[in-house]
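*Asks:* Kindly produce the complete structure, drawing on both the sequences and the hints.
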Amino acid sequence: MSLFTRTNAAFNLHEINTKDATDHQLAEVSGELGLGLSLGEMKQVQTYFKTQKRNPTDVELQTIGQTWSEHCYHKTFKGKIRFDGKEIDSLFKTYIAKATQEIAAKWCISVFEDNAGIVSFDKGYGIAAKVETHNHPSAVEPFGGAATGVGGVIRDVLGVWADPIACTDVLGFGPLDYDYNKLPPGVKHPKYVYMGVTAGIATYGNNMGIPTVNGAIYFDESYTGNVVVYCGCIGLLPLDKYKKEAKAGHVLIVAGGKTGRDGIHGVTFASAELTEKSEEISRPAVQIADPIEEEKVKRAMIEIRDRELASATTDLGGGGMSSSVGETAERYGCGVTVDLDKVPLKYAGLAPWEIYVSESQERMLIVVPPENLKAVFEVFEKEDVEATAIGILTPEKHLRLRFEGVTVADLDMQFLFKPIKSAKTASFEKITLTEPIFSVPKNLTETLMQLLSASNIASKESVVRSYDHEVKGNTALKPFQGEYAGPNDASILKPLDNSWRGVSISCGMNPNYGKIDAYDMAASAIDEAVRNNIAVGGSRIALLDNFVWGNPEKPERLGSLVRACEACYDVATAYGTPFISGKDSLYNESPLGPVTPTLLITAVGLVPDIRSAVSMDLKAPGNLLYIVGKTYLELGGSEYYKLQGYLGKSVPKVHAAKAKKTFNAITKAISKGTVKACHDLSEGGLAVSASEMAFASNLGLELDLAKVPSNGIKRDDFLLFSESNSRFLVEINPKDKAAFEAVMKGKVCAEIGKVTKNPTLKIKGLKGSTIVDADVAGLRAAWKRTLSEEA
Amino acid sequence: MKLQDIRVCVMRVGGTNCDAETQRAFHELGVQADVRHLNELVKQRNLLDYHMLVFPGGFSYGDYVRSGAIFARMLTAKLGKDLRSFIDQNRPILGICNGFQILVEEGLLPGFEGVSDFPEASLANNSRGYRCQWVYLKNENKSKCIFTTKIPKGKVLRMPIAHGEGRFLFPKEKEEALLQKLIDNDMVALRYCSKDGADANGKYPANPNGSFHDIAGICNREGTVFGLMPHPERAFYWWQQPDWTSQQAMPQFGDGKLIFESLLDHFAKKL
Numbered sequence: 001m002s003l004f005t006r007t008n009a010a011f012n013l014h015e016i017n018t019k020d021a022t023d024h025q026l027a028e029v030s031g032e033l034g035l036g037l038s039l040g041e042m043k044q045v046q047t048y049f050k051t052q053k054r055n056p057t058d059v060e061l062q063t064i065g066q067t068w069s070e071h072c073y074h075k076t077f078k079g080k081i082r083f084d085g086k087e088i089d090s091l092f093k094t095y096i097a098k099a100t101q102e103i104a105a106k107w108c109i110s111v112f113e114d115n116a117g118i119v120s121f122d123k124g125y126g127i128a129a130k131v132e133t134h135n136h137p138s139a140v141e142p143f144g145g146a147a148t149g150v151g152g153v154i155r156d157v158l159g160v161w162a163d164p165i166a167c168t169d170v171l172g173f174g175p176l177d178y179d180y181n182k183l184p185p186g187v188k189h190p191k192y193v194y195m196g197v198t199a200g201i202a203t204y205g206n207n208m209g210i211p212t213v214n215g216a217i218y219f220d221e222s223y224t225g226n227v228v229v230y231c232g233c234i235g236l237l238p239l240d241k242y243k244k245e246a247k248a249g250h251v252l253i254v255a256g257g258k259t260g261r262d263g264i265h266g267v268t269f270a271s272a273e274l275t276e277k278s279e280e281i282s283r284p285a286v287q288i289a290d291p292i293e294e295e296k297v298k299r300a301m302i303e304i305r306d307r308e309l310a311s312a313t314t315d316l317g318g319g320g321m322s323s324s325v326g327e328t329a330e331r332y333g334c335g336v337t338v339d340l341d342k343v344p345l346k347y348a349g350l351a352p353w354e355i356y357v358s359e360s361q362e363r364m365l366i367v368v369p370p371e372n373l374k375a376v377f378e379v380f381e382k383e384d385v386e387a388t389a390i391g392i393l394t395p396e397k398h399l400r401l402r403f404e405g406v407t408v409a410d411l412d413m414q415f416l417f418k419p420i421k422s423a424k425t426a427s428f429e430k431i432t433l434t435e436p437i438f439s440v441p442k443n444l445t446e447t448l449m450q451l452l453s454a455s456n457i458a459s460k461e462s463v464v465r466s467y468d469h470e471v472k473g474n475t476a477l478k479p480f481q482g483e484y485a486g487p488n489d490a491s492i493l494k495p496l497d498n499s500w501r502g503v504s505i506s507c508g509m510n511p512n513y514g515k516i517d518a519y520d521m522a523a524s525a526i527d528e529a530v531r532n533n534i535a536v537g538g539s540r541i542a543l544l545d546n547f548v549w550g551n552p553e554k555p556e557r558l559g560s561l562v563r564a565c566e567a568c569y570d571v572a573t574a575y576g577t578p579f580i581s582g583k584d585s586l587y588n589e590s591p592l593g594p595v596t597p598t599l600l601i602t603a604v605g606l607v608p609d610i611r612s613a614v615s616m617d618l619k620a621p622g623n624l625l626y627i628v629g630k631t632y633l634e635l636g637g638s639e640y641y642k643l644q645g646y647l648g649k650s651v652p653k654v655h656a657a658k659a660k661k662t663f664n665a666i667t668k669a670i671s672k673g674t675v676k677a678c679h680d681l682s683e684g685g686l687a688v689s690a691s692e693m694a695f696a697s698n699l700g701l702e703l704d705l706a707k708v709p710s711n712g713i714k715r716d717d718f719l720l721f722s723e724s725n726s727r728f729l730v731e732i733n734p735k736d737k738a739a740f741e742a743v744m745k746g747k748v749c750a751e752i753g754k755v756t757k758n759p760t761l762k763i764k765g766l767k768g769s770t771i772v773d774a775d776v777a778g779l780r781a782a783w784k785r786t787l788s789e790e791a
Numbered sequence: 001m002k003l004q005d006i007r008v009c010v011m012r013v014g015g016t017n018c019d020a021e022t023q024r025a026f027h028e029l030g031v032q033a034d035v036r037h038l039n040e041l042v043k044q045r046n047l048l049d050y051h052m053l054v055f056p057g058g059f060s061y062g063d064y065v066r067s068g069a070i071f072a073r074m075l076t077a078k079l080g081k082d083l084r085s086f087i088d089q090n091r092p093i094l095g096i097c098n099g100f101q102i103l104v105e106e107g108l109l110p111g112f113e114g115v116s117d118f119p120e121a122s123l124a125n126n127s128r129g130y131r132c133q134w135v136y137l138k139n140e141n142k143s144k145c146i147f148t149t150k151i152p153k154g155k156v157l158r159m160p161i162a163h164g165e166g167r168f169l170f171p172k173e174k175e176e177a178l179l180q181k182l183i184d185n186d187m188v189a190l191r192y193c194s195k196d197g198a199d200a201n202g203k204y205p206a207n208p209n210g211s212f213h214d215i216a217g218i219c220n221r222e223g224t225v226f227g228l229m230p231h232p233e234r235a236f237y238w239w240q241q242p243d244w245t246s247q248q249a250m251p252q253f254g255d256g257k258l259i260f261e262s263l264l265d266h267f268a269k270k271l
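For the record, the sequence lines run as chains A and B.
Going by our numbering, 352 is the number at position 352 of the first sequence; the sequence numbering is gapless.
Going by our numbering, 271 is the number at position 271 of the second sequence; the sequence numbering is gapless.
No lab work stands behind these hints, which were simulated from the structure alone.
Owing to the predicted nature of the structure, the values given are computational and were not obtained by experimental measurement.
Glycine is no exception: its CB is placed at the ideal position from the N, C-alpha and C atoms.
Please note that a few of the clues may not be correct.
[To be verified] Incomplete in silico selection of chain A near chain B, CB under 8 Å: (1) R465; (2) L477; (3) D497; (4) V614.
*Replies:* Shown next as structure tokens:
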């Protein structure tokens, strides 16, 4: 018997002879069908079918391949890792979930188990949050990849019955001026990717009418071959309508877009490295976006939720039906029977396995008790959405797929959801780095201007304004502040008409630090996300972790991942900020090498009353400016070193216990109304942060570096540009001086200058002479120039 | 007419997405507004139960072909008769952003000689692509437009825009003549301007999209049909302003409220 045999069914169905297959042939099957399964996994499949006394069909093998893929099953995060002489049984359980368990916050409603994390909000409502990556598709087709990334994460939020109220997006590109001649075949130019990705994000969010309120754009050499696209969505749901109670006998409905060949093997594609041939081989893995379809689906979903017509839902995302149908049955302790020929198709001729694994967009799976079917179909009809019953949950724990009455797959649920644990080895070796030696630049005003124009600091306004951040009319604190468009630390939404409570959304990401130590990179990302949130008046903060890493089969990549997870546990527990959702995207490697290990932390906070929210612009001449938090000699990985052509070694650390006290004090000062403006210190340090506060308001600042608390820094440039964590600049009215200082008692905090009517930034150096003297309009122009439309 | 007797229909189809905040503005002023899908209105044939009609912002039917074009054709095909009666009775119609585009495509605006069978103007692609930003506006309507009567004389209004296609244009060879017609008939309402109220003269950013004559909103001959690109419903409350955290004291409401209040004033004057 040959390896592949076409069965005598009237449609395209193959039997694969695994029974007699050699190891070599098993590997061949995995390769030929694009299953992405290891030999160990293929052997597990072989054994299963031997006990069934038959050979598998292509539909069955595809189902297994998808269900066990890294993307769907997170083998690396759930598997065993040998690291530093110890064995870690699941990174996820050991670090991420453990932090959440230990924090044991009562306000966490659902963590990790559903499509999105859910925390309580106000008046019986909860906030749902999810962040995804869509790197590989965006590398192959920037517009479609990014747009469907947004579409996918919005469906995740719909999958917990929440109404999407905001989107976030954090993007990583190679340098926009990258030399064309250096681009290897198959790698697209960063500028092309940048234009496509930002347009894709704008199109999807704008068309769906969901404000894109938070994000970041980061440029790094390693993103040239591995574009990074994080898409996030925040939703609002009445908690009593959060229905997850499907039972055997309930009917599965697929609603929304039709199924086609777009998005075949998206998840196996996402779980492999990008190569020169990715374009050719994986183009079909990129889906086609239709945001209007999803807008209609959303309307119907919300009505079905409010009328309590369904018993469960989930989105059709990675793996298509193969992952959502199986996972739904598994979750409710059922089996399932699906008639694949009932699935509405874009065009005829799809093989059953293609229908089952297709990742065509804008589709939701809804589970409905039979008595509500008519009402559910009526809702979809009103919204011009196609909805079709395709199967039923069964008491026998089997996954059965039929096509034109013929059974094309029959798998034991037990087997399908118990893949063997992967075991990987991780290693971590400290790389040898040195601190650069160079003298203080003569003209620090000029250096400051250059930093403001550096691509990672410069204004992203030209992109952000192509996203609608105002739709729904609930954006109370916007990405840009006022007339001069200063960068706010976080955005605040006021989602309920009858409540002053707000949701604050911020993020943190410092990939450059990861080049020195992944632990400090991860710790800094958490600190940045949290302090951004604190700065606008956010509190009770929940975190989302999204890892973008290289190939975990390579021990040193996995080693740095372990280090980052350790930091996640340490800092989250110290801050009392639980992780509620997360995702990993591994195998980000291209002909140009691996991606710089990148952890995005998204922070979702609660603003008790939006009327006390704080923006970053200076408010009035005569007010005092304080720095809160200590400045260390930590320039490693900083934008300043980068400007000088160095990486350095002294990466910023997080002093978590002290930082927690600082954060609490800032929150207290804001709640007392003593804080007029607050801005965090991040890329570019004190000098950049002070510049931003000044040019956002068109007021000036007079500062004295000698007053900045540090651990003995002797150089003006280091004080100006150190990126030490957990620091803020705070503006205070002189009449509140005593009250503010009382709140700050015992924290590192110092008055370093005052706000002036004259719009210039003047900074006195350690020796008492003026080292920075700049007109704020000039600083603003330097900041806006780099990525402006004219550039 | 009493406020509580007024019934407003906020009409939506797939891709409409500013209906909730538009409805909220009416509710805040004590007026009942229903968000209705076109499919429901077609089924129940009850458009004429409403005193006024609003087309809110969004991307109706994906704005394929041209922004608002498909919605306009659907309206004519499915609800044409009812809509004609609605207009003939001079019941007010408001189009915001995509709604303005729909009214132009439907031939209701400018409507020099009544409802036109073809679009008489165009809301073309912006000079700088899609923009979401706050703009300044001034009202240049003398008295006809029922949607701007409550705007104090000389006031510079502030509202956000969020569109990629809002550049108001007439056919190039006729633009001066048609502009004169707009002015003569008192059909110009809102124009983009600078912060101090000076003419934008087509210059970015005061004129954010390159609109001819800095036009942001116009009404029909009767003053009862009004379309504008900026979003008054997003400038309704003080906390929606882009700089409220920077102000010592904010008025309780934003300038967008004046549009809704003007309209309600029109109803109040009716028997």
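*Asks:* The structure should be examined with respect to each hint, and the outcome stated for every one.
*Replies:* Hint by hint, here is what the structure shows:
1. R465: holds, 5 Å
2. L477: Nearest chain B Cβ about 7 Å off; hint holds.
3. D497: Holds. Min distance 7 Å.
4. V614: With Cβ-Cβ at 7 Å, under 8 Å, it holds.
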